[in-house]
Amino acid sequence: KAGVTQTPRYLIKTRGQQVTLSCSPISGHRSVSWYQQTPGQGLQFLFEYFSETQRNKGNFPGRFSGRQFSNSRSEMNVSTLELGDSALYLCASSLAGSSPLHFGNGTRLTVT
Amino acid sequence: KQEVTQIPAALSVPEGENLVLNCSFTDSAIYNLQWFRQDPGKGLTSLLLIQSSQREQTSGRLNASLDKSSGRSTLYIAASQPGDSATYLCAVEQGGSEKLVFGKGTKLTVNP
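Protein chains in written order, with my numbering: chain A, 1 to 112; chain B, 113 to 224.
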């Protein structure tokens, strides 16, 4: 079974631009969640989608948004990029609640 | 607000040694606790998941325990190998929400 696939692996953007990251979950997994990882704050929860509905949202500004498609693939969008948005963005999928999360290798976003 | 702490932040041991990594959390009302490993530049790999009703889980040379009442978990690694070198992260899930709260991790180095 293929793992969680995130594209692209690396992105370089300038302040003020917007970016879209993509995540394809493991086949059959309906829950997709997103995390931001930085050296200072560690891993922080962004949001979680199940069957195209956002079930949970972390404490991030409205510039961070996401969606999930009918095939469970998910995208997250960050608008008006700031230098502090530079981070590794990780996507994870799972079968359902209380099951292990399977993470992708992440998208490394650098904002200059 | 749930907070997860991992001590020590870094650990260096000789090959073959048995070792224990510690994780503590402030709110004992958890759904489950997961241990992950992260290799440099990569995503997270799920190692063990302990449901709130369980006391421990074992996989190969790894054993994780959970004491909800005291807000503690330990990850025991037997007969450590250089390939075990990685950052180990502990995370708790509350309410079956798929929202994980992570510790900052313990960076383990196993020297040959």
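One should not assume that every hint holds.
Label-pair distances were calculated between CB atoms; the ranges are [to be verified]:
id : chain 1 : residue 1 : chain 2 : residue 2 : range
1  : B       : Ser-140   : A       : Phe-69    : 33 to 39 Å
2  : A       : Arg-67    : B       : Asn-130   : 42 to 48 Å
3  : A       : Gly-28    : B       : Gln-193   : 42 to 48 Å
The set of hints was computed from the structure by calculation and includes no laboratory data.
Computed from a prediction, not measured in an experiment: that's the story for all the values here.
Idealized CB from N, CA, C, for every residue including glycine.
Here is what the structure says about each hint:
no.: 1; hint: Ser-140/B - Phe-69/A: 33 to 39 Å; in the structure: holds (37 Å)
no.: 2; hint: Arg-67/A - Asn-130/B: 42 to 48 Å; in the structure: holds (46 Å)
no.: 3; hint: Gly-28/A - Gln-193/B: 42 to 48 Å; in the structure: violated (33 Å)
When the structure is compared with the earlier hints, a violation turns up for hint 3 alone.
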